[in-house]
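> Numbering (this note's numbering), first residue to last: 1 to 152.
Do not rely on the hints blindly, as some may be mistaken.
When the alpha-carbon atoms are kept at most 30 Å apart in a straight line, the in silico DSSO-like pairs for lysine-lysine are as follows [as the list claims (entries may be wrong)]:
1. K61 <-> K33
2. K116 <-> K61
3. K116 <-> K69
4. K106 <-> K33
5. K116 <-> K106
6. K33 <-> K13
7. K116 <-> K13
8. K116 <-> K33
9. K106 <-> K13
10. K33 <-> K69
Simulated from the structure, these hints should not be mistaken for laboratory data.
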Amino acid sequence: MFRGEYSLSLDAKGRLAIPSRYRQRLVETCGGKLIVTISLLERCLVVYPFPRWQRIEDELKGLPALDQKAQAINHLLIGHAVDCDMDSQGRVLLTQTLRGFAGLDKRIMMVGQVDKFELWDEAGWNQRREELLGAVPQLHEEPSDALRNLVL
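Throw the hints in and build the complete structure from the sequences for me.
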């Protein structure tokens with residue numbers, strides 16, 4: 001569903017306009033209801049259509065209550081999760097806490113990840129993309145089993 005990268009702007013209130021090519025699909029698949037939370041691996045935000053997020057919450061509920069790692073993941077993902085409904089103009093409001101975590105100011109990048117998308121500070125994404133591109137030769141040398149069937 002979500003592919004590519006888009007350069008976007010936050011308005012003065014912290015609202016982000018979802019690219020028009022995704023708006024109608026999001027209305028159809030989730031009524032414009034999105035969940036925004038932090039990434040556990042990067043300094044960015046992750047945006048899920050609500051049905052996809054419900055599956056994640058169901059999986060998290062199944063984790064052992066006394067497992068410290070499971071609780072850490074619950075605290076971070078669910079503790080930072082915010083319901084965001086698209087308004088009539090296709091915008092979502094990002095809270096100050098979430099914007100602060102990812103260092104989002106004015107210029108941001110939306111990076112598609114098939115069933116979700118990430119929101120990055122533009123400079124942060126450009127730096128991370130260069131790091132990832134620099135690691136491509138290593139992927140060719142020792143690809144994991146999952147990557148062997150991909151065209152590299």
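> Next, verify each hint and record whether it holds.
Results of checking the hints against the structure:
1. K61 <-> K33: Measuring from Cα to Cα gives roughly 21 Å; hence the hint holds.
2. K116 <-> K61: Holds: K116 and K61 sit about 20 Å apart, inside 30 Å.
3. K116 <-> K69: holds, 24 Å
4. K106 <-> K33: holds, 23 Å
5. K116 <-> K106: Holds, at roughly 22 Å.
6. K33 <-> K13: Given pair K33, K13 holds - Cα atoms ~19 Å apart, limit 30 Å.
7. K116 <-> K13: Holds: K116 and K13 sit about 23 Å apart, inside 30 Å.
8. K116 <-> K33: Holds. K116 to K33 sits at ~13 Å (cutoff 30 Å).
9. K106 <-> K13: At roughly 11 Å apart (the allowed maximum being 30 Å), K13 and K106 satisfy the hint.
10. K33 <-> K69: Distance ~29 Å between K33 and K69 Cα, so the pair holds.
Violated hints for the displayed structure: none, as all numbered hints are satisfied.
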